[in-house]
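K.L.:
One letter stands for each residue in the lines below.
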Amino acid sequence: MDPVTIGILSLAALLGLIMLRVPIAAALIGVSFVGIWAVAGFRPAFSMLSTIPYTTSASWTLSSIPMFLLMGYIAYHSGLTRGLFEAARVWWGWLPGGLAIASLAGASGFAAVSGSSVACSAAIGRIAVPEMARQGYDLRIATGSVAAGGTIGALIPPSIILILFGIQAQVSINDLFLGGLFVGLASLIFYIGAVLVVWWRNPAALPPAEPYTMGDRWRKTAEIWPVLLLIAAVFGGLFSGFFTATEAGAFGSFAALLIGVLRRSLSWADFKESLVDTLLSSGALFIIAIGANLFTRLVAMSGLSMQMGGFVESLGLGTFALLLVIVLIYLVLGMFLEPIGALLLTLPLFLPILAQHGVDKLWFGLLVAKLLEIGMITPPVGLNVFVIHSVARDYVRLEQVFAGIVPFIIADLALVGGMLALRGLI
Amino acid sequence: MLKPIETAVARISMVLGGVVLLAMMLQVVIDVFMRAFLGAGFPATADLVGKYYMVAVSVLPLAMTELKRRHIEATVFTEKLTGWPLRAVLLLGLTVFGAVLAVLLWGSAVEAVSKTARRVYVEAGTMRFPTWPSYWILPVSFGLALLVNVIRLIELFTGRFAGTQHDPLEELESLKENA
Amino acid sequence: DTIRATSGFGPSHAIATDVYPTIFAKLEELTDGRWTGMDTPSGLVAPNEMSTSLRDGVTEFGPLLMPYFVAEYPDSVLVSELSMLGSSAKVVSSAVTEYIVTCEPCQAEFTRNGQVYLGSDTTPLYDLLSTRPVRTLDDMKGLKIRSGSPFYAAFIESTGGAPVQMPSSELFESLSQGVIDATFSSPHEIIANRLGDVVGYVTEIEQGVFNGAAVATAGKMLWDRMDTADRKALATASQYGLAAGLAGFDAQIAEVREQKLVEFIEPDQSLVDAKAAFNEERLANAAKILEERGVSDAQSKIDRYKALIEKWEGLVTPDMTPEALGELRAQEIWSQVDFATYGG
Ligand code: NA
Ligand code: NA
Numbered sequence: 001m002d003p004v005t006i007g008i009l010s011l012a013a014l015l016g017l018i019m020l021r022v023p024i025a026a027a028l029i030g031v032s033f034v035g036i037w038a039v040a041g042f043r044p045a046f047s048m049l050s051t052i053p054y055t056t057s058a059s060w061t062l063s064s065i066p067m068f069l070l071m072g073y074i075a076y077h078s079g080l081t082r083g084l085f086e087a088a089r090v091w092w093g094w095l096p097g098g099l100a101i102a103s104l105a106g107a108s109g110f111a112a113v114s115g116s117s118v119a120c121s122a123a124i125g126r127i128a129v130p131e132m133a134r135q136g137y138d139l140r141i142a143t144g145s146v147a148a149g150g151t152i153g154a155l156i157p158p159s160i161i162l163i164l165f166g167i168q169a170q171v172s173i174n175d176l177f178l179g180g181l182f183v184g185l186a187s188l189i190f191y192i193g194a195v196l197v198v199w200w201r202n203p204a205a206l207p208p209a210e211p212y213t214m215g216d217r218w219r220k221t222a223e224i225w226p227v228l229l230l231i232a233a234v235f236g237g238l239f240s241g242f243f244t245a246t247e248a249g250a251f252g253s254f255a256a257l258l259i260g261v262l263r264r265s266l267s268w269a270d271f272k273e274s275l276v277d278t279l280l281s282s283g284a285l286f287i288i289a290i291g292a293n294l295f296t297r298l299v300a301m302s303g304l305s306m307q308m309g310g311f312v313e314s315l316g317l318g319t320f321a322l323l324l325v326i327v328l329i330y331l332v333l334g335m336f337l338e339p340i341g342a343l344l345l346t347l348p349l350f351l352p353i354l355a356q357h358g359v360d361k362l363w364f365g366l367l368v369a370k371l372l373e374i375g376m377i378t379p380p381v382g383l384n385v386f387v388i389h390s391v392a393r394d395y396v397r398l399e400q401v402f403a404g405i406v407p408f409i410i411a412d413l414a415l416v417g418g419m420l421a422l423r424g425l426i
Numbered sequence: 001m002l003k004p005i006e007t008a009v010a011r012i013s014m015v016l017g018g019v020v021l022l023a024m025m026l027q028v029v030i031d032v033f034m035r036a037f038l039g040a041g042f043p044a045t046a047d048l049v050g051k052y053y054m055v056a057v058s059v060l061p062l063a064m065t066e067l068k069r070r071h072i073e074a075t076v077f078t079e080k081l082t083g084w085p086l087r088a089v090l091l092l093g094l095t096v097f098g099a100v101l102a103v104l105l106w107g108s109a110v111e112a113v114s115k116t117a118r119r120v121y122v123e124a125g126t127m128r129f130p131t132w133p134s135y136w137i138l139p140v141s142f143g144l145a146l147l148v149n150v151i152r153l154i155e156l157f158t159g160r161f162a163g164t165q166h167d168p169l170e171e172l173e174s175l176k177e178n179a
Numbered sequence: 001d002t003i004r005a006t007s008g009f010g011p012s013h014a015i016a017t018d019v020y021p022t023i024f025a026k027l028e029e030l031t032d033g034r035w036t037g038m039d040t041p042s043g044l045v046a047p048n049e050m051s052t053s054l055r056d057g058v059t060e061f062g063p064l065l066m067p068y069f070v071a072e073y074p075d076s077v078l079v080s081e082l083s084m085l086g087s088s089a090k091v092v093s094s095a096v097t098e099y100i101v102t103c104e105p106c107q108a109e110f111t112r113n114g115q116v117y118l119g120s121d122t123t124p125l126y127d128l129l130s131t132r133p134v135r136t137l138d139d140m141k142g143l144k145i146r147s148g149s150p151f152y153a154a155f156i157e158s159t160g161g162a163p164v165q166m167p168s169s170e171l172f173e174s175l176s177q178g179v180i181d182a183t184f185s186s187p188h189e190i191i192a193n194r195l196g197d198v199v200g201y202v203t204e205i206e207q208g209v210f211n212g213a214a215v216a217t218a219g220k221m222l223w224d225r226m227d228t229a230d231r232k233a234l235a236t237a238s239q240y241g242l243a244a245g246l247a248g249f250d251a252q253i254a255e256v257r258e259q260k261l262v263e264f265i266e267p268d269q270s271l272v273d274a275k276a277a278f279n280e281e282r283l284a285n286a287a288k289i290l291e292e293r294g295v296s297d298a299q300s301k302i303d304r305y306k307a308l309i310e311k312w313e314g315l316v317t318p319d320m321t322p323e324a325l326g327e328l329r330a331q332e333i334w335s336q337v338d339f340a341t342y343g344g
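Residue numbers (the numbering used here), protein chains in the order written: chain A, 1 to 426; chain B, 1 to 179; chain C, 1 to 344.
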């Protein structure tokens with residue numbers, strides 16, 4: 001069997017198993033193992049299953065993910081964040097979709113502290129979803145807005161993807177960061193637009209809060225000092241060079257713990273529950289990350305990606321049509337692969353072709369980062385969606401989160417269209 | 001007879017995992033303070049966090065994740081199923097995950113044996129930092145998860161595990177009432 | 001036949017742009033087209049997975065960074081501890097290659113891991129890349145500096161600086177936000193790793209090189225498929241590729257200077273003296289450090305490596321072309337090797 005056939009069969013098997021309720025991690029790992037076996041033999045397949053679980057999880061950089069999860073759970077269980085959303089509710093609750101918009105803004109704020117979108121979703125997910133549920137939001141839009149908001153994490157600097165692109169494609173990282181800031185903020189605006197469109201079509205999905213007096217508002221605002229302290233600690237530490245983006249999660253959970261204990265709002269039972277919840281979410285997420293990593297290796301090994309590069313070149317397209325095809329390829333790859341792997345896999349293929357067409361590498365880097373982040377929320381493998389589902393699974397099923405993502409994916413596609421149009425103007 | 005095993009597995013992974021999470025948090029914070037105020041950070045923090053804590057946090061909870069049915073899966077295409085079709089779907093999921101865990105257990109054990117034979121270490125600053133014990137976290141965790149998986153399969157065949165879906169809506173109603 | 005290679009460090013790294021393309025072109029020429037190679041896209045094998053991946057046939061040819069696997073190759077990484085020896089990358093990489101090819105315990109290490117050693121490159125001499133100017137020993141005091149190996153960590157400590165360990169993926173951010181002040185590295189990284197955006201100064205300390213990269217390493221499964229003539233061709237071709245890689249680094253440094261991306265600073269006498277004193281003491285203690293790592297008879301191995309450095313100081317001329325260096329290495333190191341038994 002030729003590698004391309006094996007690659008396509010693997011995709012079909014993966015989809016089939018997922019639809020039959022096989023846990024997504026098991027489907028990814030199982031299909032990757034059998035696929036690599038078919039392409040290269042038993043020994044390489046077994047070798048990869050022996051080594052990659054360790055090399056994937058043994059990562060200092062990824063340590064921010066469980067730490068931000070822990071911060072979110074502690075902040076939630078100690079009622080730290082309740083005050084924040086109370087304040088958001090009394091000030092903006094009357095606005096259409098006010099809490100969803102506040103969550104999106106909060107996610108953009110965390111984007112400035114965290115380099116990865118999973119960590120960003122982890123930090124904001126447990127905090128925002130229950131509050132929106134309390135106000136009676138439709139949970140699809142509530143979870144969808146937070147999962148999408150998390151993708152801003154890898155666009156607004158710091159960003160692991162943009163640094164990697166800068167090194168691999170030889171583009172100034174400072175320029176990429178500046179551009180990433182714009183794309184991140186543009187994403188925020190487009191997402192807010194999506195929330196407003198959802199409200200416009202179905203106001204009941206985003207019910208407004210009852211009106212408050214100005215006195216209520218100031219009283220509520222005075223109550224949020226602990227969470228402001230937490231935010232100040234995390235941001236202040238990062239921007240003063242006290243700690244790195246990786247260390248910010250540990251520092252944030254430590255600060256949340258400290259504030260909770262000092263305010264006596266975190267009981268021993270709350271504390272234990274925060275730890276267990278963090279472990280359960282980590283267990284569910286990292287085994288999927290291992291599976292997504294293995295699946296990326298299968299795609300690399302099958303030669304599917306190389307064939308793709310040749311195929312795109314053989315089409316002999318004009319620049320705009322070529323870019324459309326590349327956008328489509330990234331959207332399809334993004335459905336299944338994890339973003340760093342997909343980036344490493346595709347850049348060697350596309351950069352030379354794009355250079356021939358004179359496409360600006362800075363612009364392309366921003367486009368690729370945006371497309372890879374869309375992959376974080378598209379089914380069947382959408383890590384941001386999994387994080388949100390994992391922290392909010394008491395209220396919402398996986399497919400509801402994916403359903404809630406749809407307006408935001410439409411907003412994303414509009415933004416990608418805008419970026420393509422903007423390139424025409426340059 | 002199976003319940004005590006489940007409870008023991010859950011308790012062990014919860015306690016160990018919780019300790020690791022706290023250790024990770026505290027060590028990073030201490031390292032940051034030491035680097036800022038004493039010049040040099042806590043020795044080998046990045047390696048201890050990366051090679052030990054992170055591996056533990058990633059795979060040690062796997063058994064517990066299955067016990068609490070927290071593995072992420074798509075239920076939308078099979079939610080209407082009852083009776084034997086439902087049991088067939090559950091059997092497929094448990095079998096695939098069990099097979100995957102068995103291969104992971106085997107592979108990671110082989111790897112751990114070879115790393116132990118070489119007493120593998122990394123160089124952290126000017127010190128030698130042994131990493132070979134960290135390779136054993138994987139087979140132990142995969143073994144515990146496989147154990148739970150096998151118990152589930154037994155329960156499925158003896159009819160004690162129905163795999164009915166927890167309904168998020170109930171939870172939601174109670175949340176709204178409390179609001 | 002086509003060798004499935006994995007350069008592993010991304011498409012714009014010198015291994016992907018210079019070393020491997022040169023190796024495969026030369027291999028084709030030497031085998032009349034019977035053999036060539038193709039670099040599979042990065043993402044198949046990460047550098048810290050290379051050892052088992054070569055052994056198990058995940059890939060057939062790749063760069064092995066031995067310091068990642070220091071316990072598996074105690075004799076072969078011995079040269080890292082002697083990083084202060086040698087005046088240029090051309091000299092050191094040739095001496096390292098000859099040392100490992102003719103070192104029995106090193107060969108046993110590669111055999112045990114299912115690999116065949118075919119040559120090393122080294123980085124250019126390491127300098128201090130910093131966000132603020134450093135000229136004197138006093139300037140080093142309290143400076144937080146990323147160090148990539150015990151050798152550099154010890155040197156930083158000896159100057160009163162604070163060595164910090166972090167993965168290279170966090171280097172850019174950490175320098176940019178002031179978590180660290182500097183890194184020990186070759187100035188080519190100012191272009192290659194985009195450090196020019198955050199680093200303003202290069203203090204030309206010229207303290208050692210990174211010499212632990214066995215960039216041309218073949219899997220045993222590939223080696224067994226090749227006859228003696230083709231094996232020799234691959235070993236020979238590798239020398240041309242490695243020499244081309246060194247020239248690639250030099251070209252990047254020339255570009256850094258030409259475009260004035262950073263300010264180059266001449267270290268003052270206090271810093272030069274501190275370096276000399278550290279190197280002398282480190283060299284005197286090297287045998288002891290290595291014995292602790294399980295290297296037997298360390299002093300005589302050190303002496304043999306020193307002699308090879310001196311030999312190559314005499315053979316290499318500063319303006320030697322990559323082709324000339326490749327030919328010289330093939331002649332001096334590989335012409336006497338019996339390819340029926342090498343790597344067996
Ligand atoms: Na960010
Ligand atoms: Na996806």
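If you're looking for bench data, these hints aren't it; they were derived computationally from the structure. Note that the coordinates shown come from a computational prediction; the quantities given were computed from them, not determined experimentally. Do not take every clue at face value.
[To be verified] Simulated DEER-style distance windows between Cβ atoms: (1) A204/A <-> M38/C: 32 to 42 Å; (2) G318/A <-> G200/C: 35 to 45 Å; (3) D250/C <-> L178/A: 27 to 37 Å.
Ideal Cβ placement from N, Cα and C applies to all residues, glycine included.
K.L.:
Each hint: holds or not?
P.N.:
Status of the hints after comparison with the structure:
no.	hint	verdict
1	A204/A <-> M38/C: 32 to 42 Å	58 Å, violated
2	G318/A <-> G200/C: 35 to 45 Å	43 Å, holds
3	D250/C <-> L178/A: 27 to 37 Å	32 Å, holds
Taken one by one, the earlier hints fail for this structure only at number 1.
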